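What follows is each chain in one-letter form.
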Amino acid sequence: MTTSSKDAAPPLMGEGMIGSGIEGGLGDQIRGWWQRVRSGDMGALPAIGGLVVLGALFSILSPFFLTERNFANLMNQAATLVMLGIALVFVLLLGEIDLSAGVTGGVAMALFVVLNAQFGVPWPLALLIGFAVGFGTGALIGFFVARVGIPSFVVTLGLFLGYQGLALLIIGDGGLYRLQVPELVAIQNSNMPVWAGWALLAVMLLISGGTSWWDRRRRTRAGVPNRTITVVWIKLAALAVIGGVVVYVLNQNRGQSVVAVEGVPVIVPIVLTVLWLGTFLLDRTKFGRYIYAIGGNKEAARRSGVKVRLVMWWAFVICSTLAVLSALFSVARVGSVDATVGREIVLSGVAAAVVGGVSLFGGRGRLVHAAIGALVIAVITNGLGLLGLPAGINLLVTGGVLILAATVDALSRLRSGGGSRV
Amino acid sequence: MPDPIIELVGVKKSFGPVSVLKGIDLRVYPGKVTALVGDNGAGKSTLIKGLAGVQPYDQGEVLIDGVHRDLTTPREASALGIEVVYQDLALCDNLDIVQNMFLGREELSFGTFDEGRMEKEASDTLRSLSVRTVKSVRQRVSSLSGGQRQTVAIARAVLKKARVVILDEPTAALGVAQTEQVLNLVRRLSEQGVAVVLISHNLADVFEVADDVAVLYLGQLVAQVEVSQTTRDDVVGYITGTKTPPGFTVQETSTIATGGAE
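Chains Z and R are the protein sequences, given in the same order.
Anchor point for the first sequence: position 416 equals 416 in the numbering used here, and the numbering is continuous, going up by one each time.
Offset between the second sequence (1-based) and the numbering used here: plus 1000.
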């Protein structure tokens, strides 16, 4: 049967055979990957490229950029934005937005610090109340968006304004509280023992290899082909080499006095754990699949029996709760809480996700994309700071990178022909 | 002749003073393609919505396998094996074929997706329908042509073990070659013993693939005849109301007297 040009691709396999698209050796894998990239499915590739270029550029321009100290510093600097980007992906995938993510964290931190410092509430309880603020705020946004049907832009814009006022009322005008919980200060200001860094890498390799093995076993059992095993080895090798270099560098003594400062910053395993859990949720559970489905075609999801409202509600809850975690990272780094926590960062969080390759229209993107995008923005801030350029330049460059990333995305989509072609 | 899987007896539906279905008798048989034709406003959509459980009928009886059923929700219809493939195909562009076919009923083992088993069942289903135009079941739906999308939507219904598949204008937006693909698929469905209801404006398609043709005219079933027993001229006449089979009388559409159509 001959068909239109689009259907007329030569049959790869025997008559009536339908493939998985993953057959063939390493060469086929690379060709298939390249074809996906060329057809506009670039994922985080532009962001990774940007990261490399910026890293090289700043290494040349500043003698301080490529030092162990700055490298560790970058991890702590980026953590807040990485976590906020991860939080926002959950709602961006729905095609929604949460402009209040930053100030939600701000209000949560304000309440936490006032309860703890002024009213003597034990810090774990106060912190729990802070996270409850995040959960509750997400629940509220989710209710208005999913149930009442108000656009998330409007709901969260309202909260963005309202919560700035709330933070002011809680903390008082011009108020400033020092964070006096050593355990919390530690998450941004301490490092793991040298051996723990290597142990972390070993655990990551084990998890990565283990899930690959598990997936392949299930596919074999079902009688469908697996990707060639070489791909798994290459992935593990890449993880081992890159991770090994990172751990090695961070394990060097970067102290400037007699006290040794060494080890992977504690924040790294915390962020990686959230990233891994979130990715597991999005890739391997019904809830995650339904988030993508709703972002792709809400009506289709509804007709397939997906509880659209409930899934959306949970996505907003997760976003706001993780936003509180992001604010905690910020507060732990700065060491104090005032009424402006989280005011400015939210748009950088959205920018991080978009730079990393998450679509604002929903349905496309992964958590790790937002994390990489956040690293790009953090590197710009860090590098320009080292060069001693004024903050205005930083904002200009970040804005330029965002527009560049959006342009790359739009062009690649043009190239892939949209998809609504009949 | 086997027993009908669906039998409608005197089914009626009205919206306010306008009666849209005025007592329809329709029979749908397993392994047969029943075409449902009629001009715009003849009541095709209303008839289908009743079967899908989206919009229950006011009066009349629905017999499924000879048993009286009230189809009041899509879930009930689905549980009885009735699936509707709507014109706007309700697929998610950003998901691949397997993900779309299993959307809403993913298979799990140990709480996470069993992608291998889903992929196997999806490709087995497509293969059972002799689909040859799809290269990989892991293609995103956004990269598929209109005919391929229609194929995926139909395969989705088959995967749900549908016994009755209702296709709403499946070829309306397709080119010649893709129409041919979809019609082949319709044949394959009926060969598998599925009862297919094909709503179409295209009489060429109807005469090519249908066993039975049921013609609606202003809310009445003018005729349900075997395709081999009728001609295209007759069917066109029934659709436009210029011809009626012997013994058939046209009723008024509105209960408000207009003094017109007698």
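These aren't lab readings, by the way, just hints derived from the structure by calculation.
From a predicted model like this one, the values you see are computed outputs, not experimental measurements.
Incorrect hints may appear among the rest.
To be verified - In silico DSS-like pairs for lysine-lysine, Cα to Cα no more than 30 Å straight-line:
#	chain 1	residue 1	chain 2	residue 2
1	R	LYS1135	R	LYS1161
2	Z	LYS235	Z	LYS286
3	Z	LYS307	R	LYS1049
4	R	LYS1049	R	LYS1012
5	R	LYS1012	R	LYS1243
6	R	LYS1049	R	LYS1161
7	Z	LYS298	R	LYS1160
8	R	LYS1049	R	LYS1135
9	Z	LYS286	R	LYS1012
10	R	LYS1161	R	LYS1120
11	R	LYS1022	R	LYS1243
12	Z	LYS235	R	LYS1022
13	R	LYS1135	R	LYS1120
14	Z	LYS286	R	LYS1161
15	Z	LYS298	R	LYS1022
16	Z	LYS307	Z	LYS286
17	R	LYS1049	Z	LYS286
18	R	LYS1160	Z	LYS307
19	R	LYS1022	R	LYS1049
20	R	LYS1022	R	LYS1012
21	Z	LYS286	R	LYS1243
22	Z	LYS235	R	LYS1120
23	Z	LYS286	Z	LYS298
24	R	LYS1135	R	LYS1160
25	R	LYS1120	Z	LYS307
26	R	LYS1120	R	LYS1243
27	R	LYS1243	Z	LYS298
28	R	LYS1022	Z	LYS286
29	R	LYS1120	R	LYS1160
30	Z	LYS235	R	LYS1012
31	Z	LYS286	R	LYS1120
32	R	LYS1161	Z	LYS307
Said to hold, decoys possible - Ranges between beta-carbon positions, derived for each pair:
#	chain 1	residue 1	chain 2	residue 2	range
33	R	ALA1173	Z	LEU169	53 to 61 Å
34	Z	VAL203	R	GLY1175	49 to 57 Å
35	Z	GLY244	R	ARG1127	53 to 61 Å
36	Z	GLY27	R	SER1130	36 to 44 Å
Idealized CB from N, CA, C, for every residue including glycine.
These are the hints, each one checked on the structure:
{"no.": "1", "hint": "LYS1135(R) <-> LYS1161(R)", "in the structure": "24 Å, holds"}
{"no.": "2", "hint": "LYS235(Z) <-> LYS286(Z)", "in the structure": "26 Å, holds"}
{"no.": "3", "hint": "LYS307(Z) <-> LYS1049(R)", "in the structure": "22 Å, holds"}
{"no.": "4", "hint": "LYS1049(R) <-> LYS1012(R)", "in the structure": "12 Å, holds"}
{"no.": "5", "hint": "LYS1012(R) <-> LYS1243(R)", "in the structure": "23 Å, holds"}
{"no.": "6", "hint": "LYS1049(R) <-> LYS1161(R)", "in the structure": "20 Å, holds"}
{"no.": "7", "hint": "LYS298(Z) <-> LYS1160(R)", "in the structure": "21 Å, holds"}
{"no.": "8", "hint": "LYS1049(R) <-> LYS1135(R)", "in the structure": "34 Å, violated"}
{"no.": "9", "hint": "LYS286(Z) <-> LYS1012(R)", "in the structure": "40 Å, violated"}
{"no.": "10", "hint": "LYS1161(R) <-> LYS1120(R)", "in the structure": "16 Å, holds"}
{"no.": "11", "hint": "LYS1022(R) <-> LYS1243(R)", "in the structure": "19 Å, holds"}
{"no.": "12", "hint": "LYS235(Z) <-> LYS1022(R)", "in the structure": "66 Å, violated"}
{"no.": "13", "hint": "LYS1135(R) <-> LYS1120(R)", "in the structure": "14 Å, holds"}
{"no.": "14", "hint": "LYS286(Z) <-> LYS1161(R)", "in the structure": "21 Å, holds"}
{"no.": "15", "hint": "LYS298(Z) <-> LYS1022(R)", "in the structure": "35 Å, violated"}
{"no.": "16", "hint": "LYS307(Z) <-> LYS286(Z)", "in the structure": "11 Å, holds"}
{"no.": "17", "hint": "LYS1049(R) <-> LYS286(Z)", "in the structure": "29 Å, holds"}
{"no.": "18", "hint": "LYS1160(R) <-> LYS307(Z)", "in the structure": "19 Å, holds"}
{"no.": "19", "hint": "LYS1022(R) <-> LYS1049(R)", "in the structure": "15 Å, holds"}
{"no.": "20", "hint": "LYS1022(R) <-> LYS1012(R)", "in the structure": "5 Å, holds"}
{"no.": "21", "hint": "LYS286(Z) <-> LYS1243(R)", "in the structure": "54 Å, violated"}
{"no.": "22", "hint": "LYS235(Z) <-> LYS1120(R)", "in the structure": "26 Å, holds"}
{"no.": "23", "hint": "LYS286(Z) <-> LYS298(Z)", "in the structure": "15 Å, holds"}
{"no.": "24", "hint": "LYS1135(R) <-> LYS1160(R)", "in the structure": "22 Å, holds"}
{"no.": "25", "hint": "LYS1120(R) <-> LYS307(Z)", "in the structure": "26 Å, holds"}
{"no.": "26", "hint": "LYS1120(R) <-> LYS1243(R)", "in the structure": "51 Å, violated"}
{"no.": "27", "hint": "LYS1243(R) <-> LYS298(Z)", "in the structure": "44 Å, violated"}
{"no.": "28", "hint": "LYS1022(R) <-> LYS286(Z)", "in the structure": "44 Å, violated"}
{"no.": "29", "hint": "LYS1120(R) <-> LYS1160(R)", "in the structure": "15 Å, holds"}
{"no.": "30", "hint": "LYS235(Z) <-> LYS1012(R)", "in the structure": "63 Å, violated"}
{"no.": "31", "hint": "LYS286(Z) <-> LYS1120(R)", "in the structure": "19 Å, holds"}
{"no.": "32", "hint": "LYS1161(R) <-> LYS307(Z)", "in the structure": "22 Å, holds"}
{"no.": "33", "hint": "ALA1173(R) <-> LEU169(Z): 53 to 61 Å", "in the structure": "57 Å, holds"}
{"no.": "34", "hint": "VAL203(Z) <-> GLY1175(R): 49 to 57 Å", "in the structure": "54 Å, holds"}
{"no.": "35", "hint": "GLY244(Z) <-> ARG1127(R): 53 to 61 Å", "in the structure": "45 Å, violated"}
{"no.": "36", "hint": "GLY27(Z) <-> SER1130(R): 36 to 44 Å", "in the structure": "31 Å, violated"}
Going down the numbered hints, you'll see the structure goes against 8, 9, 12, 15, 21, 26, 27, 28, 30, 35, 36, while the others check out.
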